[in-house]
Each structure stands twice: as C-alpha cells, then as structure tokens.
Amino acid sequence: EIVLTQSPDFQSVTPKEKVTITCRASQTIGSSLHWYQQKPDQSPKLLIKYASQSISGVPSRFSGSGSGTDFTLTINSLEAEDAAAYYCHQSSSFPLTFGGGTKVEIK
Amino acid sequence: EVQLVESGGGLVQPGGSQRLSCAASGFTFSSYEMNWVRQAPGKGLEWVSYISSSGSTVYYADSVKGRFTISRDNAKNSLYLQMNSLRAEDTAVYFCARTLLLDYWGQGTLVTVSS
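Residue numbers (our numbering), protein chains in the order written: chain A, 1 to 107; chain B, 108 to 222.
Everything labelled a hint here was simulated from the structure, so no lab data went into it.
Every residue gets a Cβ at the ideal spot worked out from N, C-alpha and C, and that includes glycine.
Careful, some of the hints might be misleading.
What the hints assert, rightly or not - Pulled a few chain A residues facing chain B out of the computed Cβ check, cut under 8 Å:
no.	residue
1	34
2	46
3	59
4	62
5	93
6	97
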C-alpha cells in the first residue's frame, strides 16, 4: 500500500499569505497525485489533477508541482473562502490512498 | 451537469446490513469507472471500493474486504454498495465518486452503526 504523508496537519494563515502543503509518497507514483479541497459539511472538490494540471473553474491561485514521491500544493494570496481541509490522493495503484489532510484556518 | 446522488444511509445495528445507492446523471455512466469513499466523523477520507465501467473488475480496501460488495446497473445509471456484518468503525459518510481521479463526488449519505 502506498502511504501518503501530508504536512502540516494544520496551518493558520492571514489573508493574502502564501500557503504550501506537501505530500510525500512512500514509493514512486509518477504524476498520479491529485489534490482536493473540502469545506465543512461539503463533499471534496478536485483542485489539481496529475500533480500539476489545473481544473476548469478552479481559481488560478491554486497550483501543484512535483513528481515521483514529493508533491506540493500552493495557494498564492490566500482568500477567506479558502478555509478548508486539503487532501492529496494517489491513483497509481490499488488500494487508492489519501493523505491525512491539512486544515487551513484563516487568522 | 454531472450529478451523483447517494441514498440508503441510516442507523443500523452492529452485525447488520445496509445497501447504499448512487444515482448518476449528466454523463454516460456506462463509460466511467466508479468508487465509494468514506469519511468517519471528524476524520479524513478513506477509499472503500472501485468498480470498472463494465463491472467486470472490482477492488476493495482491506478494511471492508469480504463484508462489502460493490456493483452497478448501467441500464439504471446506478452504483451500489452492499454492506454486511457492519461494525461501529464503519460509521461514516459514504460518498460515491467518479473515475480514479475522483473528479466528481456526491453529497454523501451517513451510515451510523450503533446499538
């Protein structure tokens, strides 16, 4: 099983600040890494696919990078509406797995 | 517009059974692989099961293998999860999600396993 280790678990950030969330895979997964945003009482929403590919309708302040085992989600100029939990997910092999999540709070 | 609507959740006793459904619309259901993903209260996301577009290939998380069965009816644009021998640790919101990308999700249905 591929274990995804996300960090940090929690981040308190002021608006307009830059947020960086990392996801490390226990073995190489190429670019089969995707990022999701989940707001309270909502279902997750796909933000970034295949490590760095943007999703239609997602604000351009969200970007992803990385390949192999190390990946990063960056939120440039954080907005109040970005308060949420963020998860990484790998689709390289079964069982599909998720990172533990990062909760982003707005100061 | 892609829509996934889960139903069938509720309160069930330990050892009991429950069948979840996911009604799909807005896309050609028979062409897409599907998944069930769950989220225990206050916890993170856990993948549960996968089914290929034809239904010929399925996979399960070890935590549910032998107890849960995923299936689909492409004529009815519907996905199912039959859950047997339920345990307290199966208490969660269950989401259906499309493709390995999990590009679209339903709103979820809550299953509570408790006596």
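Against the structure, the hints:
Given hint, residue 34 of chain A at the interface with chain B, holds; its Cβ is 6 Å from that chain's nearest Cβ, closer than 8 Å. The interface hint given for residue 46 of chain A holds, since its Cβ lies 5 Å from the closest Cβ of chain B, which is under the 8 Å cut-off. The criterion of a C-beta within 8 Å of any C-beta in chain B is not met by residue 59 of chain A, whose closest approach is roughly 17 Å, and the hint is violated. Against a cut-off of 8 Å between C-beta atoms, the interface hint on residue 62 of chain A is violated, since the closest Cβ of chain B lies about 15 Å away.
Hint status for residue 93 of chain A: violated, given a least beta-carbon distance of 10 Å to chain B, over 8 Å. Taking 8 Å as the C-beta contact cut-off toward chain B, the hint placing residue 97 of chain A at the interface holds, the least distance being around 7 Å.
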